[in-house]
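Peer 1: Generate the whole structure from the sequences, applying the supplied hints.
Residue numbers (the working numbering), protein chains in the order written: chain A, 1 to 363; chain B, 1001 to 1224.
Since the hints were made in silico from the structure, they are not lab data. For each residue, glycine too, the CB sits at the ideal point set by N, CA and C.
Now the in silico label distances, taken between C-beta atoms and shown as ranges:
id, chain 1, residue 1, chain 2, residue 2, range
1, B, S1129, A, R3, 22 to 30 Å
2, B, V1062, A, S35, 48 to 56 Å
3, B, S1129, A, H16, 27 to 35 Å
4, A, G345, B, G1116, 58 to 66 Å
5, B, L1209, A, G233, 53 to 61 Å
6, A, E116, B, S1129, 21 to 29 Å
7, A, A9, B, R1045, 29 to 37 Å
8, B, F1200, A, R131, 35 to 43 Å
9, A, V63, B, V1047, 39 to 47 Å
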Amino acid sequence: MSRLLARFAVRFPAFHLDVDLDVPLSGITAIFGPSGSGKTTLLRCLAGLERVPHGFIQFGNDVWQDEKRSLCLPLYKRPVGYVFQEPRLFPHYNVRANLLYGYTRIPSEARRIALEQVVDILGIGHLLDRRIHHLSGGEQQRVAIGRALLTSPELLLLDEPLASLDIQRKQELLPFIRRLHEELRIPVIYVSHATNEILQLADCVVLLKEGTVVGVGTLNEMLTSLRFRGSFGSHRVGGVLETHVIGHDSQYRLTQLEFKGQSLFVPLQPVSVGQSVRIHIFSNDVSLVVGRTHSPTSVLNILEATILEIQETDQSSVDVLLDIGAPLVASITRKSLVNLGLKPGHRVFAHIKAVALNEELVE
Amino acid sequence: MGVLTDLDLNALWVSVRLATMTVLVLLIVGTPLAWWLAHTRSRFRPVVEAAVALPIVLPPTVLGFYILVALGPYGPLGRFANLSLAFTFTGLVIASVFYSMPFVIQPLQSAFEAVGKAPLEAAWSLRASQWDAFLTVISPIALRGYISAIVLGFAHTMGEFGVVLMVGGSIPGQTRVLSTTVFEHVEVMEYSQAHTISAFMLIFSFLVLLAVYIVNRRFPIHVS
Chain A
1 MSRLLARFAV
11 RFPAFHLDVD
21 LDVPLSGITA
31 IFGPSGSGKT
41 TLLRCLAGLE
51 RVPHGFIQFG
61 NDVWQDEKRS
71 LCLPLYKRPV
81 GYVFQEPRLF
91 PHYNVRANLL
101 YGYTRIPSEA
111 RRIALEQVVD
121 ILGIGHLLDR
131 RIHHLSGGEQ
141 QRVAIGRALL
151 TSPELLLLDE
161 PLASLDIQRK
171 QELLPFIRRL
181 HEELRIPVIY
191 VSHATNEILQ
201 LADCVVLLKE
211 GTVVGVGTLN
221 EMLTSLRFRG
231 SFGSHRVGGV
241 LETHVIGHDS
251 QYRLTQLEFK
261 GQSLFVPLQP
271 VSVGQSVRIH
281 IFSNDVSLVV
291 GRTHSPTSVL
301 NILEATILEI
311 QETDQSSVDV
321 LLDIGAPLVA
331 SITRKSLVNL
341 GLKPGHRVFA
351 HIKAVALNEE
361 LVE
Chain B
1001 MGVLTDLDLN
1011 ALWVSVRLAT
1021 MTVLVLLIVG
1031 TPLAWWLAHT
1041 RSRFRPVVEA
1051 AVALPIVLPP
1061 TVLGFYILVA
1071 LGPYGPLGRF
1081 ANLSLAFTFT
1091 GLVIASVFYS
1101 MPFVIQPLQS
1111 AFEAVGKAPL
1121 EAAWSLRASQ
1131 WDAFLTVISP
1141 IALRGYISAI
1151 VLGFAHTMGE
1161 FGVVLMVGGS
1171 IPGQTRVLST
1181 TVFEHVEVME
1191 YSQAHTISAF
1201 MLIFSFLVLL
1211 AVYIVNRRFP
1221 IHVS
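Peer 2: So this is what it looks like as structure tokens:
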């Protein structure tokens, strides 16, 4: 696992970037924040497209920038792949020539990723001999991703690659981005201001506000942190759980998932036993029961939980941070909190009324 | 071309050589300058742009006069070359480079502005160095700008008169070009030769401009 160290401190009247990052890069790290928070600038700094004073960047054992030594590797000497917001394909080349542009520019012994592999993952085999302006926006962006992958990068930088696409194309491209990480094992830094993209893709989140990194953590840590969860907008996700499929119930058309020894049921899914499934639980869908209820309940998913922290969100409701083997937030009314006398340390049962699967999250 | 003398054909040859040399020099000097003008944020940019555009408005005799002085044995360029370049072919090339500069720089600058930095950054991200990116991405995308620049630069040099008369002196076989030949013929009342050369220049110039407009209007450019 490579670590990324990045330090910038730039303060200009119109532009401000204050970053001190030391993150392990495995999986997909999202740089998340509202528009204008400096996400793209940060990514461009990492790539070497912007040179800031006092910058320092180290990836693994390689120093890419150290202004104390006046060192700054140009982008073409950094082992990164970069996908821009717009595809930026070369109009005078066809798809194949675009894909091979970077491939032919790296030494043959450094080529770990082959054209066939990329074509297969991205599903662009039928486009190879086409001209660029005959492609749709989604197809162009897939070619742009393929072109970057074919440089066999050690780190893939994606700058809101879905921003210019409509919702349908976004949904179409998201699984490809997930797959390319899973199949090629390249760490990815993914810039986005769209919560649903982060929920579906990110393993780690770097939260950026007004040019300053305000928080870094795993997706679930960030989503369930009572301090940061407000930054993820109105989605009010209470937690993201990585589960395994343990079976299907064909009679009641349910799929059974396992999470840390506990069972969860979701409507029957086209997934095979053993497969990992990422699920999202909205905090409003979690209710709390003190002691195991003996009255029958229609809720199928009941998890044992310990209360870790309680925080008021507005005058009528509170967020309760639970430990269910992973953090999970329940949003309940202040009245219920008082009625049940809930305090940190109490053991409760979390009744989960609905579970959303990864693919079901649409803006 | 029965009415044309050997001297006239010789002038045509000098014109073509002069225009070719001028365009070559301007492409080499003009590419980095046009790139700089297209992308710089320097406050000197308008100053340089105005200087480049000067030959469009300056009387050719004025430009020719200054270049003549500069090229002469006591001028800076003459002293540098340690001989007088005035009334030589080399001097003529130097003068033409200045005179035709805006016609090469401006199309290149617009082309580079239209291309922008985005394809360049994409090429860098695909391991292309500056030169590589310029040759394989920027120039092909800016190809139409190059065609306009070459054609306009060539045609404008073919058509110059005042500057070549001042600097070259219309020496047969060395610095006498087509445009000055027309003048010489008219001076000695050889109207039929003047007619032939003028008609040639007229048709040539029209075809050149027509080609530029057609190229700019159509033909998406593909390399592979």
